[in-house]
Amino acid sequence: MADKIIKNLTIKVWRQKNAKTAGKFETYKINDISGGTSFLEMLDILNEQLINEGQEPIAFDHDCREGICGMCSLFINGRAHGPDDDITTCQLHMRKFKEGETITIEPWRAGAFPVIKDLIVDRTAFEKVLQAGGYISVNTGGVPDGNAIPISQDDAEEAMDAAACIGCGACVATCKNSSAMLFVSAKVSHLAKLPQGRVEASRRAKNMVAKMDELGFGNCTNTGACEVECPKGISIANIARLNREFLAAKIKD
Amino acid sequence: MSSFLSSSIGKKLIMSLSGLFLVLFLLVHLILNSFLMFDSTGELFNAGAHFMAMPVIRFGLQPVLFGGFIVHIIYAIILTLQNQKARPQKYASQNLGNSSTWSSRNMFVLGGLVLVFIVMHLMHFFVPMQITGEVPMKMVDGVEIHDGAALVKALFTTGTFGIVYTCIYVLGAVLLGLHLAHGFWSSFQSIGMSNIIWRARLERAGYIYAIFIAGGFTIIPLYLHFFA
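Chains as they are written, first to last, in the working numbering: chain A, 18 to 270; chain B, -5 to 222.
Hint data in this document are derived by calculation from the structure and do not stem from the laboratory.
This one's a predicted model, so the numbers in the text were calculated from it and none came from an experiment.
Cβ atoms here follow ideal geometry from the backbone N, Cα and C, with glycine treated the same way.
Mixed in with the good hints, there may be bad ones.
What the hints assert, rightly or not - Think about it this way: if two alpha-carbon atoms lie no more than 20 Å apart in a straight line, the pair counts; the simulated EDC-like pairs of lysine to aspartate or glutamate are:
| id | chain 1 | residue 1 | chain 2 | residue 2 |
| --- | --- | --- | --- | --- |
| 1 | A | K145 | A | D162 |
| 2 | B | K5 | A | D102 |
| 3 | B | K79 | A | E231 |
Said to hold, decoys possible - Using C-beta positions, here's what the derived DEER-type ranges look like:
| id | chain 1 | residue 1 | chain 2 | residue 2 | range |
| --- | --- | --- | --- | --- | --- |
| 4 | B | P49 | A | R215 | 48 to 56 Å |
| 5 | A | P100 | B | I190 | 39 to 47 Å |
| 6 | B | M48 | A | P212 | 51 to 59 Å |
| 7 | A | D270 | B | F63 | 39 to 47 Å |
| 8 | A | P212 | B | S(-3) | 55 to 63 Å |
| 9 | B | S(-3) | A | A165 | 35 to 43 Å |
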């Protein structure tokens, strides 16, 4: 069955020259988009149109377009990664939109994620949080060594679920407080659940939370919006674990 | 310790512990108020109120209770201001209706409204009964105690004022219930006492507790207005 064609779409998109200038919304028309077009492909088509008209194309982040790299972002019609569940923007398709619809596209909005240009934000803050403790300092050996330490299925599953985080920043973008707790808790959890990561668990929780606070992310108020919009379905049960890890580490001090 | 209290999780721990303390207080308060419904003479309620005015409670526990309120309010303000600052530029459109509950997003507003209610409530009951002592005295078993029950009944039943007053109390109870609907489970989450299984249980317990407290504080003024 052929995909339906959306004849008319209005794209209201945030345009901002660079980090220092103030941005504003611009409105563009785009016609005859197939429902099977991905959202980013639609932006590619729009950009070609803009280039042909001699205008500056819209800058946006993207890389693998397979939903696994965490590079694409975009706040579409009031939701991180747009109107679909458990997906990144590159996996969003135009069939989710209606004929004649106005689509509002904004960059992630958070003090810790400043806009670089148009829809691209600087997510270096996440790298800084990871550098503060999201690693294991010692050599944990090769594949056979991994199998030498028995790990329960439940722990392995929970660690893998947390490790699914791709660091896209949808949690921060969605959270009304711009809190990075879901990201930090996923990174703390996937290591804390495994024996190799357990050794540095206390130090990791303290350092990563301290860095997160320092970078100006907000405080979590447990609204749970982050886990709903997370493309990887990371649970806020991880946030409870981070709270536990952090409090236990501080009590030990 | 200072780095702990200034950390985001430390501040939330203080919010949750003070919140849980106030949650417990609400239960005591509701039980005491329910005496008004179980004894129409008001003697049971007066005896309860007299007990709560004992020196050990008045000078021992009351300051702790006020401390709990003040800490909860101060940290709510600090956290909310920081959270406002974390997003300098707001979204033109943001749709949070599908991903979070209304009460979870409006805890500060709900708390603020509950605070306004509490101030009014203290002025009408706590101040006359425990500070200025304007409430008429009554002899019970050879001891002179405040007739708080009469004060309560007068406020809820006197003409148009009684109707308005009853409505304000019902509204206050509903706001408190909404605050608890998120606050109860949220405090356990902040302490770290939650996981995938317990989250559902705690949320359910929170809703039940919120309905119980809000329902109780709604029924009492309605009962007094219509039947006292």
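Hint-by-hint comparison with the structure:
A C-alpha spacing of about 30 Å is found between A:K145 and A:D162, which places the hinted pair above 20 Å, so the restraint is violated. Simply put, B:K5 and A:D102 have alpha-carbon atoms about 32 Å apart, too far for the 20 Å limit, and the pair is violated. In summary, the hint linking B:K79 to A:E231 is supported, as the alpha carbons are separated by about 13 Å, within the 20 Å threshold. Between B:P49 and A:R215 the beta carbon distance is about 52 Å. The supplied range of 48 to 56 Å therefore holds.
With their beta carbons about 26 Å apart, A:P100 and B:I190 fall outside the hinted range of 39 to 47 Å. Range check, B:M48 to A:P212: Cβ separation about 55 Å, and the 51 to 59 Å hint holds. Between A:D270 and B:F63 the C-beta distance comes to about 29 Å, which lies outside the given range of 39 to 47 Å. Between A:P212 and B:S(-3) the beta carbons are some 28 Å apart, a value that contradicts the proposed interval 55 to 63 Å.
The hint said 35 to 43 Å for the Cβ distance between B:S(-3) and A:A165, and at roughly 38 Å that hint holds.
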